[in-house]
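Going down the list, the sequences are from chains D and L. To convert a position in the first sequence, counted from 1, into my numbering, add 31. To convert a position in the second sequence, counted from 1, into my numbering, add 51.
Just so you know, the hints here were simulated from the structure itself, not pulled from any lab data. Remember, it's a predicted structure, so these values are computed and weren't measured experimentally. Incorrect hints may appear among the rest.
Unchecked claim - In silico contact screen, one side only, chain D against chain L (beta carbon under 8 Å); selected entries:
{"hint": "1", "residue": "Leu140"}
{"hint": "2", "residue": "Asp177"}
{"hint": "3", "residue": "Gln178"}
{"hint": "4", "residue": "Leu225"}
What the hints assert, rightly or not - No more than 27 Å apart at the CA atoms, straight line, and that leaves these computed lysine-lysine pairs for DSSO-like:
{"hint": "5", "chain 1": "L", "residue 1": "Lys256", "chain 2": "D", "residue 2": "Lys308"}
{"hint": "6", "chain 1": "D", "residue 1": "Lys308", "chain 2": "L", "residue 2": "Lys289"}
{"hint": "7", "chain 1": "D", "residue 1": "Lys123", "chain 2": "D", "residue 2": "Lys87"}
{"hint": "8", "chain 1": "D", "residue 1": "Lys123", "chain 2": "D", "residue 2": "Lys157"}
{"hint": "9", "chain 1": "D", "residue 1": "Lys298", "chain 2": "D", "residue 2": "Lys157"}
{"hint": "10", "chain 1": "D", "residue 1": "Lys453", "chain 2": "D", "residue 2": "Lys428"}
Heads up, the beta-carbon is just placed ideally off N, CA and C, and yes, glycines get one too.
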Amino acid sequence: MFNSLSDRLQDTFEKLRGKGRLTEDDINVAMREIRMALLEADVNYRVVKSFVGRCKEKCLTAEVMESLTPAQNVVRIVLDELTVLLGSTDSKLTLAQNRTPNVIMLVGLQGSGKTTAAAKLAYLLKSQGHSPLLAACDTHRPAAADQLATLGGEIGVSVFRGDGKDAVAVASGAIQEAVDHLNDIVIVDTAGRLQIDEEMMEEAVAIKRAVRPDQILMVVDAMTGQDIVNVVTEFANRVDFDGVIMSKLDGDARGGGALSVREVTGKPIKFVSMGEKPDSLEVFHPDRMAKRILGMGDVVGIIEQAQKVADEQQVEDAERMLREGFTMDDLLKQMQQIRKMGGLQKILGMIPGMERAMAQMPQAADDSQMTRIEAIIHSMTREERLRPKIINGQRRKRIAAGSGRTVQEVNQLIKQWDEMNKMMGKMKGLMQQGGGKKGRRAMQQMMREMGGMGGPGGRMPF
Amino acid sequence: MHKMGFFDSLKAGLQRSREAINEIFYMGGEVDEDFWEDLEDTLVMGDMGAEVAMRVTDDLREQAARENLTRADQLRDALARRLAQEFPAAGRDPFADLPSCVLFVGINGAGKTTTVGKLAGRARDAGARCLIGGADTFRAAAIEQLEVWGQRAGVDVITRERGADPASVCYDVVEEAERRGAELVLIDTAGRLHTSADLMRELAKVVNVTRKRCQSMPVSVVLVIDATTGQNGLNQAKEFNDALELDGLIVTKLDGTAKGGIALAISSQLGLPIYRIGVGESLDDLQTFDALDFTRALVGEGM
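With these hints in hand, go ahead and build the complete structure from the sequences.
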């Protein structure tokens, strides 16, 4: 359902790509596909209409129509337009210099992830050298304060619970508590509320009046559908907010709501929240979001994900590999790296165009192939893994029987290892030639990528 | 609090979507090309998804030609009926046909714990011997939240400390339920994104253990979905269905301005019945689902 749409978009562009010159009809066809893509990404219908209108106008200029590569131009215009609309990278929390404590208040619907976001924000601020205090002002949901207290305990941030009944009193109490304990920032977690729930909206306004927050952030679930426009409009009118945290972006929701929020309220998206762990609050990147909404893959995301996994140890490993050759253990480790990053399927899915390629040959990126290779390597002795050269016919037979694979598969693996090892040798030579500082740095960069990405591209044995 | 009938509260919940559709029906009244385009757009706006929207519009267009319906208001009832057809017929109701054991699954923040609490309260009021199982041992204070609901409903909660293996919690719950002769067992699980393969595997294990252990009564797996969810809801439901073989759905938070069209999309695409819908805050606002009532409330029943 989801992928087919990005497929369709690419199909259209492929058709356009084949054309030297575009007619207005061609543009209309492309615009319709873009409209559908945006709708499927949950961008609000009215926002889509005006957005597509603007794009079309730009695409119809002579510059695009008569250029040599009109299709690329159309894509670029759409992407640029989308990126501009999503705003700039502005994840700074504007805090008042002359006020202690500063107050940040979080609002949003039920289940949008406010309490989790509050803890993440506290963690972020703490790591920046602040001393935050969490105020548990969700007095409605059972055990919401307990949840915040547990999360606060995990990240070492104190939580003010007050009497747990009157949200406004808890918020005010928290400020006094912060003054007494020298906390410089108070993060106020409020109860989730429906925008049509008058009483609850009143409460949010009352808290706002009582603590006069320096920043109000609205937490928005990336999976929200068309209704997001009604929600943010009402919140903007009643409590007003300064920015948005998009939550649950670690799923596969396209997050088109981000675009609607920007277009309708003009408020910036400050952070994206990517999971359960406290360190998963990230800076918002409009360009990546634009690509995500259009389903164009997230190349930067892959690199970052690889970097996250790669650590110093792996750089050392890579250096050792160059020095002493590539062992079967290294191959095993690299495959486990790929697993850590969410499996081959996920990584390939992030590469533009790969989704389509994979759909055409579902066997190609089969993670079970990796499992088989792992089984073969696990059936080798320590000696064999370190020096695969010693694996003779007898040993091959034993390994095949041990892993439940055929001798041919074992042969294939050893052959592939051999090729990779030869390549290592070549790289070693390269490094020794270019012994200068520059050359070494380039090599290190290459090694780091190798360590994380799981081997030189295209040479993995599957 | 003023108590509304089911139809009224559903109608109130769906007001915005009805207004949007009313907009079309009042416009001009003559069925022309613009009408069809607007109709399709409005259905998309209700989170029904482009695919369902197009199919429904095409069918209705045919019907209009066949039955010579030329005025927009004539099409309103036809539209409600056509939309209602998208829902599969409900078979057994796991909350009415006792004994029954139900596992609640879904993404974070869908409203699983609250739904369990409300259903337990309803069952208790109806005089059924009910037991709550707390298998969300991951989220901070999930157990405490469930225990508060248990106290309110007067239903015991069987659980273990945070971090315990959820599958073994389920095992305990079923054992305890059988010992006590409980008729309705409601088990809350930890919310998880459908994209996290490890957590989905864990959940599959939880479900398998429960299905295997629980021989004395049928086990149903119910996906709880937030009505404000957009098109990603389909992905969610599909992944959960592939991993767990769902029995049905519960749609929560229909009390906002959300149109709940995603419920129609999921139900129709995966052939899953909707057991309950949440149309308000109170216990009674968790209602049984009637397809035609739902779609009539959606398009407005005034002719």
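These are the hints, each one checked on the structure:
1. Leu140: Holds. Min distance 7 Å.
2. Asp177: Interface hint status for Asp177 (chain D): holds (4 Å vs cutoff 8 Å).
3. Gln178: 4 Å, holds
4. Leu225: Where the cut-off is 8 Å and the nearest Cβ of chain L is about 5 Å from Leu225 (chain D), the hint holds.
5. L:Lys256 x D:Lys308: The hint holds at about 23 Å.
6. D:Lys308 x L:Lys289: 26 Å, holds
7. D:Lys123 x D:Lys87: Roughly 34 Å separates the two Cα atoms, so the pair is violated.
8. D:Lys123 x D:Lys157: 15 Å, holds
9. D:Lys298 x D:Lys157: 25 Å, holds
10. D:Lys453 x D:Lys428: 25 Å, holds
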